[in-house]
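Top line first, the protein sequences correspond to chains A and B. Position 94 of the first sequence, counted from 1, bears residue number 94 in our numbering, the numbering being contiguous throughout. Position 45 of the second sequence, counted from 1, bears residue number 1045 in our numbering, the numbering being contiguous throughout.
In case anyone wonders, no lab produced these hints; they're calculated from the structure.
Not everything, but these chain B residues come out facing chain A in the computed CB check (under 8 Å): (1) G1043; (2) E1044; (3) F1047; (4) Y1050; (5) F1091; (6) S1099; (7) E1100; (8) K1101; (9) L1102; (10) F1104; (11) G1105; (12) K1106; (13) G1107.
Here are the computed lysine-lysine pairs in the DSSO-like style, where the Cα-Cα straight-line distance is at most 30 Å: (14) K1003/B / K57/A; (15) K52/A / K1003/B; (16) K1003/B / K1070/B; (17) K1070/B / K57/A; (18) K15/A / K1106/B; (19) K13/A / K57/A; (20) K1106/B / K22/A; (21) K1109/B / K1070/B; (22) K22/A / K52/A; (23) K57/A / K1109/B; (24) K1106/B / K57/A; (25) K57/A / K1073/B; (26) K13/A / K1106/B.
We treat Cβ as the ideally placed atom computed from N, Cα and C, and that holds for glycine.
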Amino acid sequence: AAGVIQSPRHLIKEKRETATLKCYPIPRHDTVYWYQQGPGQDPQFLISFYEKMQSDKGSIPDRFSAQQFSDYHSELNMSSLELGDSALYFCASSFLGLPSYEQYFGPGTRLTVT
Amino acid sequence: AQKITQTQPGMFVQEKEAVTLDCTYDTSDPSYGLFWYKQPSSGEMIFLIYQGSYDQQNATEGRYSLNFQKARKSANLVISASQLGDSAMYFCAMYQGGSEKLVFGKGTKLTVNP
Chain A
1 AAGVIQSPRH
11 LIKEKRETAT
21 LKCYPIPRHD
31 TVYWYQQGPG
41 QDPQFLISFY
51 EKMQSDKGSI
61 PDRFSAQQFS
71 DYHSELNMSS
81 LELGDSALYF
91 CASSFLGLPS
101 YEQYFGPGTR
111 LTVT
Chain B
1001 AQKITQTQPG
1011 MFVQEKEAVT
1021 LDCTYDTSDP
1031 SYGLFWYKQP
1041 SSGEMIFLIY
1051 QGSYDQQNAT
1061 EGRYSLNFQK
1071 ARKSANLVIS
1081 ASQLGDSAMY
1091 FCAMYQGGSE
1101 KLVFGKGTKL
1111 TVNP
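Start from the sequences, fold in the hints, and give me the full structure.
If you want it as structure tokens, here you go:
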């Protein structure tokens, strides 16, 4: 079965640079979520989109922005990168028409800021 | 605010034995969902099992079962017949009605010994 696709899988950037992470949800899924998992930490919710509209917002820094496109893929844009942004960034997708909000995670993008 | 507590930072089990990973939650919303995810050392977040707050029966998925005790606000994961490949980090997570974002516990690192 098709899964959530994230690209790139690994990314190395320097401080103050920008980064763009991409997420392609499972086909027919209409909702995308972004999570950040720091080293040794639990994942923290950043932001979500339903039908291309922002549906919820968590602890996302102002330096980050995200959007969902007409084909339902999503991009997380990160500017003025800081060392503390080094983390595993997960995208998850779900279909809100299901009785449960099962979220299926992508393999993650490991961002290293040097 | 919703909260997930996993009190076992690490657990050890012998191959082929059963193990229970603890999870307690706190929410005032009657509508919520509980999840367990497995995160191997490779980093991906693998969905294991889901329990809705209105579900009458405990969820089961193969060797995984969720011991849902609503009055005690606990949702423990039981893994039967442990395998070496079960060694991983296990996260309990929940959403509450009106928001599909997941809140995670700190995780339990399970090690299966041969």
